[in-house]
Amino acid sequence: MITLDALKQYGANTAEGLARCLKNETFYLRMVGMALADKNFDKLKEAMDAGDARAAFSAAHALKGSIGNVSLTPIYEPVCELTELLRGKDAPVPGAEALAERIMAAREKALSL
Amino acid sequence: MTGRRTEEKAAELDRQRIGKIPDHCLSGSEAAFSGRRLLLVEDNIVNMEIARLLLTQAGFAVETAENGQAAVDMVSASEAGYYHAVLMDIQMPVMDGYEATRTIRALDRRELAEIPIVALTSNAFREDVEAARAFCALGHKTRLIGLRRAFGAIKRL
Numbered sequence: 001m002i003t004l005d006a007l008k009q010y011g012a013n014t015a016e017g018l019a020r021c022l023k024n025e026t027f028y029l030r031m032v033g034m035a036l037a038d039k040n041f042d043k044l045k046e047a048m049d050a051g052d053a054r055a056a057f058s059a060a061h062a063l064k065g066s067i068g069n070v071s072l073t074p075i076y077e078p079v080c081e082l083t084e085l086l087r088g089k090d091a092p093v094p095g096a097e098a099l100a101e102r103i104m105a106a107r108e109k110a111l112s113l
Numbered sequence: 001m002t003g004r005r006t007e008e009k010a011a012e013l014d015r016q017r018i019g020k021i022p023d024h025c026l027s028g029s030e031a032a033f034s035g036r037r038l039l040l041v042e043d044n045i046v047n048m049e050i051a052r053l054l055l056t057q058a059g060f061a062v063e064t065a066e067n068g069q070a071a072v073d074m075v076s077a078s079e080a081g082y083y084h085a086v087l088m089d090i091q092m093p094v095m096d097g098y099e100a101t102r103t104i105r106a107l108d109r110r111e112l113a114e115i116p117i118v119a120l121t122s123n124a125f126r127e128d129v130e131a132a133r134a135f136c137a138l139g140h141k142t143r144l145i146g147l148r149r150a151f152g153a154i155k156r157l
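Chains as they are written, first to last, in the numbering used here: chain D, 1 to 113; chain S, 1 to 157.
Hints in this document: simulated from the structure, not taken from any laboratory. Do not take every clue at face value.
Taking lysine to any residue and the SDA-like style, the derived pairs with C-alpha atoms no more than 20 Å apart in a straight line are [as the list claims (entries may be wrong)]:
hint: 1; chain 1: D; residue 1: 43; chain 2: S; residue 2: 91
hint: 2; chain 1: D; residue 1: 39; chain 2: S; residue 2: 95
hint: 3; chain 1: D; residue 1: 43; chain 2: S; residue 2: 57
hint: 4; chain 1: D; residue 1: 23; chain 2: S; residue 2: 57
hint: 5; chain 1: D; residue 1: 39; chain 2: S; residue 2: 67
hint: 6; chain 1: D; residue 1: 39; chain 2: S; residue 2: 57
hint: 7; chain 1: D; residue 1: 64; chain 2: D; residue 2: 13
hint: 8; chain 1: D; residue 1: 64; chain 2: S; residue 2: 93
All values reported here derive from a predicted model rather than from experimental measurement.
Just need the whole structure built from these sequences, with the hints factored in.
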């Protein structure tokens, strides 16, 4: 089971995430689990594999909200970068693939906590 | 999550789902919003649950819809005054917040068409600003605001 200490060591801003959840640790950790299960991770991967920049932007933009709300910084930062990189783009963009891989790797690391 | 629940059942489900909130976290403003029911429209479950937590702790009864079409359906089927206001996410599948607001504003029943709608966003990018301008043009009771400022706005509605 994921813990606050594990999240802190992972690099999450747990103080910020907890504050957003009215300092309810049980609730915050449940939200972290839900954010990591966000279907937009799969949508992002599918879009990147298909070279669909618009769909990838949409998925990254959605992740920005849920991941940002629970302050999972190691995922949030590359999500923000990728969102900006893909904004308004219709075709694959250099650097997007590497950012997507960073996002997925950070997610896998969080899931293993 | 869609569908209508009674205020008591909704509050009980929220308590079960959220668990005990530490006393020092309670806002103390429950009396100000007690009895007011909001329709929270949000497609992302994490965003919805956090918003619901904050709103419930503030004393609101909260019902939810996962997209704009569900929101339109719930508002259309409601009695006048059932919802104090609608909190609307903008970017959603099926029907976005802008389209949902436009559709609600076009309802035949005036008391429903004029329901206060507050669009929730933390975005500040050009297309969001443009959407915000279009959103606010849908009526004097339509506002664009971040959730933290929403409480004051809802109180003034």
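Hint check:
1. 43(D) - 91(S): holds, 16 Å
2. 39(D) - 95(S): Holds, at about 19 Å.
3. 43(D) - 57(S): Violated: residue 43(D) and residue 57(S) sit about 33 Å apart, past 20 Å.
4. 23(D) - 57(S): The hint holds at about 12 Å.
5. 39(D) - 67(S): Holds. Residue 39(D) to residue 67(S) sits at ~16 Å (cutoff 20 Å).
6. 39(D) - 57(S): The given pair, whose Cα atoms are some 28 Å apart, is violated under the 20 Å limit.
7. 64(D) - 13(D): holds, 15 Å
8. 64(D) - 93(S): holds, 16 Å
Hints 3, 6 from the earlier list are contradicted by this structure; the remaining hints agree with it.
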